[in-house]
Amino acid sequence: MIRFEAVTVTYEAAEAPVLLDFSLTVDEGELCLVAGRTGVGKSTVLGAINGLVPHFTGGRLAGRVTVAGLDTRTAPPRELAHVVGVVGQDPLAGFVTDTVEDELAYTMEQLAVPPAAMRKRVEETLDLLGIAELRRRPLRTLSGGQQQRVAIGAALTAHPAVLVLDEPTSALDPTAAEDVLAAITRLVHDLGTTVVVAEHRLERVAHYADRLVLLTGSGAAVSGPPADVLLDSPVAPPVVELGRLAGWSPLPLSVRDARRRAASLRSTLEGAVPPVRPAPAGAPVLAARDVVVRYGPVIAVREVDLDLPAGEVVALMGRNGSGKSSLLWALQGTGARSSGSVSVGGVDPARLPPHQARGHVGLVPQTPADLLYLDTVDAECAQADTESEAVPGHCRALLDQLVPGIPGDHHPRDLSEGQRLALVLAIQLAAAPAVVLLDEPTRGLDYPGKARLRELVRALAADGRAVVLATHDVEFAAAAADRVVVMAEGEVIADGRTADVLVASPAFAPQVAKVLAPQSWLTVDQVAGALAGVRA
Amino acid sequence: MPGQPGRSRLTVVSRLPRTLHPGAWWLWALGLATAASRTTNPLLLALIIAVAGLVVASRRGDAPWAFAFKFYLWAGLIVALSRVLFRVLFGGGDTGHVILWLPEIPLPGSFAGIHLLGPVSAEYLLAGLYDGMRLAAMLICVGAANALADPKRMLKAVPGALYEVGTAVVVALSVAPQLVESVLRVRRARRLRGGRQRGLRALRGIAMPVLVDALDRSLALAAAMDSRGYGRGTGATRSVRLGTGALLVAGLLGICVGVYGLLDGTSPGWLGLPMLLLGLLVAGFGLPLAGRRVRRSVYRPDPWRLAETLVAASGLLPAAVLVVTARIDPGNLYPSLDPLGWPGLPLDAALAVLVALLPAWLAPPPVSVVSPARAVAA
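Chain order of the listed sequences is G and Y.
For the first sequence, this note's numbering assigns the number 1 to the initial residue and increments by one for each residue that follows.
For the second sequence, this note's numbering assigns the number 537 to the initial residue and increments by one for each residue that follows.
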């Protein structure tokens with residue numbers, strides 16, 4: 001169905017080609033997962049399938065890409081619209097119309113599908129994706145998971161043979177991601193659609209895939225059945241890491257497979273106790289009481305009490321729209337707070353002018369790039385020093401501690417997602433806040449990037465700061481947090497040690513916990529440590 | 537009812553909730569607005585406003601734009617009041633029944649001819665009020681069209697040739713709120729950094745991320761539209777495209793001027809109906825020509841049925857009656873202020889305006905946006 005023949009892609013002003021002599025054949029009806037570290041060319045592979053690379057992005061493509069017999073050299077993306085459906089990372093950015101039904105019909109209108117057939121296909125697609133009740137709703141009022149399903153539906157109505165999805169679940173909470181993935185697997189099984197999907201969080205999709213294409217970064221790629229490719233992949237979901245650790249062969253890809261193998265591992269671990277970081281003693285650095293945030297009739301945060309002790313990492317979890325971001329902004333003092341009190345060392349940050357408030361509570365928002373506006377990394381650092389009245393070079397030193405080796409003359413927009421996050425974090429840390437709040441920090445980070453962020457967060461806590469992470473990433477929360485707070489409809493519905501809250505939760509349990517339940521292991525590292533102890 | 541198939545079919549067809557063709561509502565509203573433009577009789581104008589309000593109340597849906605009507609009502613009120621206020625402020629009405637003695641403020645020589653305050657006569661005030669009411673009524677008629685018909689659905693009904701313009705309008709309409717959102721988000725984020733700069737530097741701190749964001753978005757949108765087949769297979773030569781484009785623009789300009797001429801009773805006669813017809817003719821040539829190179833279909837186009845014709849006609853009838861009456865017997869349409877008297881209600885014009893109330897029953901009920909079930913229950 002899709003053939004890459006010796007494809008080499010070089011972007012303008014790039015030193016090395018992104019893809020070098022890349023060959024791949026995806027058969028009809030396959031679900032092909034494209035994985036690899038950040039910046040190895042996953043999006044390039046996906047874009048080349050419908051000709052966006054190089055027709056839209058520029059650059060040079062040598063070799064040949066054919067889809068259903070059509071050569072992308074001669075057919076631009078619009079002429080491939082009936083063969084390839086594309087769903088991007090941010091569905092809202094790709095919507096052309098403003099209501100669900102119109103969006104579903106858009107591609108068909110372009111293809112001049114007769115009205116009667118259009119009507120029928122829209123109805124079928126609404127049912128297929130379970131969004132029939134949303135049909136007249138404006139797209140902007142939908143939740144993230146609903147928007148993503150509409151975007152998939154909009155690509156499907158043209159009956160494409162190939163569906164290309166670029167990180168379809170990256171912005172979604174675990175349950176919404178499950179919904180979207182269920183819809184995708186249904187397409188593969190029931191309609192025989194060929195699906196190519198790129199995803200950072202392999203734990204969500206690896207077990208659905210028929211083929212895994214691992215881009216290694218040197219322009220080359222390894223392709224094959226997921227269990228084989230993941231044996232020595234630098235990016236691997238926790239369940240695979242656990243399988244590698246326990247020496248299972250073939251590697252389990254799903255929790256179910258792993259659990260069926262895990263009986264012996266569980267008995268080996270019997271008696272060992274997962275390490276638990278004790279709750280830090282002492283008065284909290286930040287104490288919030290009865291915090292209410294409301295936007296008109298909508299109550300985003302409802303009477304929340306929260307104490308943040310020094311040296312503790314708290315993960316704030318909950319589905320999209322449960323009030324996590326509103327709470328973080330209210331705690332920082334910049335966001336709206338309708339009532340209640342926040343006290344950081346006796347002062348309320350909301351009553352302070354912004355430049356003083358950030359000396360108490362530092363917040364890194366969901367889109368960290370919003371804070372950056374200068375041309376170079378060095379200029380941003382210097383600006384941060386003046387803003388926080390620190391000695392010149394302070395922010396740069398912090399940045400080098402966080403992520404060493406970011407060139408100072410680079411434009412912040414040219415940094416990788418992780419580097420940019422580190423830069424913004426360094427800017428906020430320059431004011432030496434006692435409390436650090438991070439909103440969705442793992443967005444766009446690969447596994448090594450997340451491991452780095454985890455160390456970083458632990459180092460902040462070891463420094464005596466209180467850290468809060470709002471995140472959808474259960475694996476990251478399990479590895480990084482001491483305590484988990486779960487929110488729903490603006491209320492705190494669970495607050496406890498990480499193991500106590502996560503292990504029992506069907507939605508938020510990390511893979512290792514699911515495999516080894518009822519024992520309360522959370523991460524592969526914990527298991528590895530315990531095994532080393534048992535064997536010694 | 538098996539016993540009386542003919543009757544039940546007609547009533548059921550008109551009663552089923554559906555979206556009326558937006559063109560019908562616009563014709564109805566413009567007709568009513570034209571009627572309003574031909575009179576300063578406060579009774580007639582009040583009747584027109586009441587008719588527009590009643591139809592909106594009974595036939596608007598629950599979509600967001602439908603609730604904009606009250607803003608038009610407020611705007612109308614403000615327009616009418618400000619007309620009166622300006623008359624008081626700039627005085628000059630010392631002939632007739634003076635009802636308000638305000639001290640006139642003398643202005644320096646260079647402003648000679650402009651009065652500030654001074655005596656205000658009833659005739660002068662009433663003239664201002666009548667004129668303001670006429671403007672308000674026209675504004676409210678347009679507001680009624682906006683509340684009754686989704687402005688974006690109107691774009692669906694435009695001929696294929698205007699498709700690209702329509703797409704640009706839809707995209708622009710969705711970009712505006714996104715831009716506002718983006719500005720708010722970045723401004724909030726700037727406060728996180730303790731942005732203490734003022735003036736140009738602060739502007740840069742906000743403008744840069746917002747512009748970058750907008751650029752990213754438009755690139756993403758362009759890529760998405762390209763991937764989804766926008767602009768497929770249009771193989772027209774440059775000269776043909778230019779020619780049809782020129783015809784289109786000229787035609788549309790003609791239509792705009794014609795509508796203006798029709799609404800403004802004081803403009804020369806040739807600017808009204810003849811210009812409108814000429815514009816329609818030119819556009820009528822251009823549209824099919826340009827439409828031939830667009831190959832696409834429309835999802836659920838709004839059909840033009842009997843109800844649409846009836847609604848449009850019920851708005852155009854008062855327009856026709858008032859335009860003709862204004863020509864032959866304008867007496868009661870422009871009530872006399874000298875001598876001052878209670879305005880009479882011209883029966884024929886009032887009846888014609890009342891015809892515009894019929895869509896409250898003739899038009900099918902709207903479909904609920906929130907839940908299809910609720911419209912049926914209501």
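Source of the hints: derived by calculation from the structure; they are not laboratory data.
The model shown is predicted, which means the values in this text are computed figures rather than measured ones.
Wrong hints could be hidden among the right ones.
[Stated by the list, open to error] Under the rule of at most 27 angstroms between Cα atoms (straight-line distance), these lysine-lysine pairs were calculated in the BS3-like manner:
hint : chain 1 : residue 1 : chain 2 : residue 2
1    : Y       : Lys692    : G       : Lys120
2    : Y       : Lys606    : G       : Lys120
3    : G       : Lys450    : G       : Lys514
4    : Y       : Lys688    : Y       : Lys606
5    : Y       : Lys606    : Y       : Lys692
[What the hints assert, rightly or not] Listed below are several chain G residues computed to face chain Y (Cβ distance under 8 angstroms; list not exhaustive):
hint : residue
6    : Glu79
7    : Val83
8    : Val86
9    : Ala93
10   : Thr107
11   : Ala112
12   : Ala116
13   : Met118
14   : Leu245
15   : Gly247
16   : Trp248
17   : Arg256
18   : Gln332
19   : Thr334
20   : Arg413
Cβ coordinates follow ideal geometry from the N, Cα and C atoms, glycine included.
Structure-based check of all given hints:
1. Y/Lys692 <-> G/Lys120: Within the cut-off at roughly 19 angstroms; holds.
2. Y/Lys606 <-> G/Lys120: Violated, at roughly 38 angstroms.
3. G/Lys450 <-> G/Lys514: Holds: lysine 450 of chain G and lysine 514 of chain G sit about 21 angstroms apart, inside 27 angstroms.
4. Y/Lys688 <-> Y/Lys606: Distance of about 20 angstroms is within 27 angstroms: holds.
5. Y/Lys606 <-> Y/Lys692: 26 angstroms, holds
6. Glu79: 6 angstroms, holds
7. Val83: With Cβ-Cβ at 10 angstroms, over 8 angstroms, it is violated.
8. Val86: At 4 angstroms from the nearest chain Y Cβ, valine 86 of chain G passes the 8 angstroms test, so the hint holds.
9. Ala93: Holds - the Cβ of alanine 93 of chain G comes within 8 angstroms of chain Y, reaching about 4 angstroms at its closest.
10. Thr107: Holds: closest Cβ of chain Y sits about 4 angstroms from threonine 107 of chain G, inside 8 angstroms.
11. Ala112: Cβ of alanine 112 of chain G sits 5 angstroms from chain Y, so the hint holds.
12. Ala116: 10 angstroms, violated
13. Met118: Holds, about 5 angstroms.
14. Leu245: At 40 angstroms from the nearest chain Y Cβ, leucine 245 of chain G fails the 8 angstroms test, so the hint is violated.
15. Gly247: 44 angstroms, violated
16. Trp248: 41 angstroms, violated
17. Arg256: 36 angstroms, violated
18. Gln332: 7 angstroms, holds
19. Thr334: 5 angstroms, holds
20. Arg413: Arginine 413 of chain G check passes; min Cβ-Cβ to chain Y is 7 angstroms, inside 8 angstroms.
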